[in-house]
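Can you build the whole structure from these sequences, using the hints too?
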Amino acid sequence: MSKATSSPATDASGDRAVLRTDGVTKRFGGLTAVDDVDIEIHRGEIVGLIGPNGAGKSTLFNCITGTLTPDEGRVYLQGEDVTDWPEHKIARAGLGRMFQETRIFGDMTVRKNLLLAAQEGGADVSSLMRRPDSSLLARTDELLDYVDLGGLAETRAGRMSFGQQKLLEFAMELMSEPEILLMDEPAGGINPSMLGNLIEYIRNANEEQESTIFLIEHNMDFVMDIADRIYVLAHGERIANGTPEEIQNDQRVLDAYLGRE
Amino acid sequence: MSTTEEESDGALRSILPPKQVDWFINVCDHYGWALLLVGALVGASFPVLGLEGGYYMTVLTEMYLFAILALSWDIVGGQTGYPSFGNMAFFGIGAYATAILTKDFALAFPTAFLLAGLLAVSFAGLIGIIVLRLRGHYFAIATLGVLLVAQQVSRILDITGGSSGKILLETPTAETFYYLFLGLLVVEIGLVYYISGTRFGFVLNAIRDDEEKATAMGFNTTYYKTAAWMLAGLFTGFAGAAYSLFNTFIDPQTAYNGAWNVELIAMALLGGSGTVAGPVLGAFGLHTIIELVETYAVGWQLVLLGGAVIVTVIGFPNGVVGTLSEYASQMDYYKHGGMAATDTDDGAEVSADE
Amino acid sequence: MAATQFVVNGLLVGALFAAVAVGFALIWGVVDIINLAHGEMVMLGGYTSYWVLKLGTGTAESSVLLFLASIPVAIGLLFVVGYLLQRTLVSRVIGTDVFLTLLVTFGASIAIQQLAIRAWTANPRSIQVRFAEQSMALGGIVVPKMKLIAFAGALALTVAMYVFLQKTRTGRAIRAVSQNPEAAALVGIDVEHTRAVTFGVSSAIAGGIGAFIAVILNIQPQMGLIYTLKSFIIVVFGGVGSIPGALIGGLLLGSVEELVSGFISSQWTLAVSFSLLIVLLVVKPKGLFGEGAEQ
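Residue numbers (my numbering), protein chains in the order written: chain A, 1 to 261; chain B, 1 to 354; chain C, 1 to 295.
One or more hints might be untrue.
[To be verified] Simulated crosslink set (SDA-like; lysine to any residue; CA at most 20 Å straight-line):
| no. | chain 1 | residue 1 | chain 2 | residue 2 |
| --- | --- | --- | --- | --- |
| 1 | B | Lys19 | A | Arg159 |
| 2 | A | Lys89 | B | Thr226 |
| 3 | C | Lys145 | C | Glu133 |
| 4 | A | Lys89 | B | Asn220 |
| 5 | A | Lys89 | A | Val147 |
| 6 | B | Lys19 | A | Ala153 |
| 7 | A | Lys89 | B | Arg133 |
| 8 | B | Lys19 | A | Ser127 |
| 9 | A | Lys89 | B | Ile129 |
| 10 | A | Lys89 | B | Glu211 |
| 11 | A | Lys89 | B | Val59 |
| 12 | A | Lys89 | B | Tyr223 |
| 13 | A | Lys89 | B | Phe109 |
| 14 | C | Lys145 | C | Ala132 |
| 15 | A | Lys89 | B | Thr222 |
| 16 | C | Lys145 | C | Gln128 |
No lab work stands behind these hints, which were simulated from the structure alone.
Listed below in structure tokens is the structure:
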């Protein structure tokens, strides 16, 4: 916690946090991609993660989701130590993830994509062997209408445009209602008007359903606009933490982006 | 899309309007159970109507057999995206199991049949845990290797009769096998059809489309892959278990037939892999052709098979059913204002809606 | 002592496996295709040499020089076969699903194999090469002269290919295409032709080795798949894209097989080497000599 330029407005016990990392470190060969990073995210927060290319943002995400196992440090999800859990178990425990490159199941229909995301009934084979019930189907229609994809339920998802796929991926996360959603550059590659919609959807989810969101973003206007709080990584280290205003005026952050050591 | 493709698409459109194809596919989908029942009844009625044991009954029985094998292959290869070159290993194990159990242990055929299925599933579970960790080239070759090793082992062991194999004389009637294979096929089609509408079926498709994403969504993919693999092993094993007695003879070459393995892949692809009806229709179609070649040009059927595989893959990778449903779904997409092929159009459209 | 003898036998045969595998690895590395018809090239090479001798001299028995003279014919013919295989079939599925590429080459494998059975029957054949003394003893170890010649021939072919890739213009084009086909096309390399040449070269070497195999073992229309599988084992062992790795992998595989057949039974060689492969794939998927896991 010594590197924090301003500490989060909560007590340090941290177990009320939805997500907490404690000294997470990941090395590849001689390179330390993530160096002793502490992060704490509370219910209902939208938190941004920024930093220059190669700062270790995606690696940190991968350590949290269980795609990679950190060399040192722990990851806590709702107070539970999930560091050594397999990826699918962490996801099942309430961690949702949207990838940088939009990832949906292209050869399946839009509706099947959504049904898959629903968490009801768990994940064991026997409960998956039942046909989806009508309330689940109604929920998919509702969500598709919400993100303006109504009527495309039976279309093969891969046929849709890139922007529509992004909306589908977001709708899938709404369907699964994770405790915390990790988004890797949600604004990347989509046009301004679509971005406007996405911001609105994210805000709505945050305000109405108390969704907790942790996002990596390069689009500064977007992240400053949407985030309650921002962490900054450079060379794998957490160099700043604070509100968007604080971050914009932080000398270390400016230096990091301008390439000064 | 090249212009020539679009032109031929246009010509096709006038002969075969996508709307009607769409309607046809919807009807098939909607009345799937009824169609299956009708098919089963028609199949079951042939012997009653006077089809007797002999050439035609054998050909039909073999068609059912290949349909079972192709559909089983497709559960893993088409639905789950793990195309195996070694499915015939389960077939061989099933085949040898009944041969040995009925001949050397004097078990009744039904008992031997069930035990053979059980053995094939256990083997599938064991092998699956190892090979399903591999992908792409590695998975394909590893499964091929499993097949070749299983074949080699049956050549060495005494109980399998070595390379000369086993002759089985006390066998049930041709009619029994006809109904057995038909019954197995109907059960399997029903099961696969049911699964394809459940979330278990969706998970398998998800693994095919993007396994990492499926994991990130909380699915332990190894578990589902292995379940699908064992299901394929069960039906392939049952098919083999019945085949050895049906054929009255089994040796390493017929039990672990690598060419058959390619044949059933070709059937699944030709009909449309990843669908329920595709592999079955493909099996019926290709087996008819191979049977004709076998009758009129003895000895050339495998040459033809190699050629057929190449032509299918190069010219028709989505298969008949796949091509048709893709063609039909174009309609669906355009109907609902999904014209937006580019992001710009798309964004404009979405904002206009608000 | 027995073990040493087995290892020596294994190294002698292993060089042949290695040379076949080097070609297989070349196609894998450059075109990113597993050529399941690669073993058929070995088979066709063996038959070419067999028929050249049989039709030329009326008998499949020959002197060493005559036999060696038949090898360039096998190499040349198989170059053409490989070139055409790529140009007519494989080029159509490059860049599509991995599975489709496997299926096309598997289809080609079955068709070639079955045509060979139609043409030459399924009976095994071999070429007899006469020597005054069939083998020589070196410090208590028996070395058949023909195996020694085959060993030298396999090494020569492997080295020739290595030099070809490193020193010639075409070789450099092949390496360029393997690294980045788009960039290679931009600097004026005919990518399709280069890929076809890659197929040709690797098939040519397989064909040359086939001739040696016709002498020291035997040839049969259905022998191909085993050689394809052995090549795969060797390449996985040595690491994709590593010629020295493939060489070591081949020598090791030969030794393991000879040891298994010497101490257990020749019938178990396939099962044992394949089980080793599975273990290796699960434990170290990049091969012993391949580049380390990237992250």
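Straight-line alpha-carbon gap B/Lys19 to A/Ala153, limit 20 Å: With Cα atoms ~18 Å apart, B/Lys19 and A/Ala153 stay inside 20 Å; holds.
Pair hint outcome, C/Lys145 versus C/Ala132 [Cα-Cα no greater than 20 Å]: Holds. C/Lys145 to C/Ala132 sits at ~10 Å (cutoff 20 Å).
Pair hint A/Lys89 and B/Val59, alpha-carbon separation not exceeding 20 Å: Violated, at roughly 49 Å.
Straight-line alpha-carbon gap A/Lys89 to B/Ile129, limit 20 Å: 19 Å, holds
Proposed proximity, B/Glu211 with A/Lys89 (alpha carbon, max 20 Å): 15 Å, holds
Given hint B/Tyr223 paired with A/Lys89 - CA-CA distance at most 20 Å: The given pair, whose Cα atoms are some 13 Å apart, holds under the 20 Å limit.
Given pair status - A/Arg159, B/Lys19, alpha carbons within 20 Å: Holds - the C-alpha atoms of A/Arg159 and B/Lys19 are around 18 Å apart, at most 20 Å.
Restraint status (C-alpha distance of C/Lys145 to C/Glu133 at most 20 Å): 8 Å, holds
C/Lys145 paired with C/Gln128 [C-alpha distance capped at 20 Å]: Holds, at about 13 Å.
Satisfaction of hint between A/Val147 and A/Lys89, Cα-Cα up to 20 Å: 28 Å, violated
20 Å limit on alpha-carbon distance, applied to hinted pair A/Lys89 and B/Phe109: Status violated; Cα separation ~44 Å.
Agreement of A/Lys89 and B/Thr226 with the hint, judged by alpha carbon distance not exceeding 20 Å: Holds: A/Lys89 and B/Thr226 sit about 18 Å apart, inside 20 Å.
Of the numbered hints stated above, those contradicted by the structure are hints 5, 8, 11 and 13, listed in ascending order.
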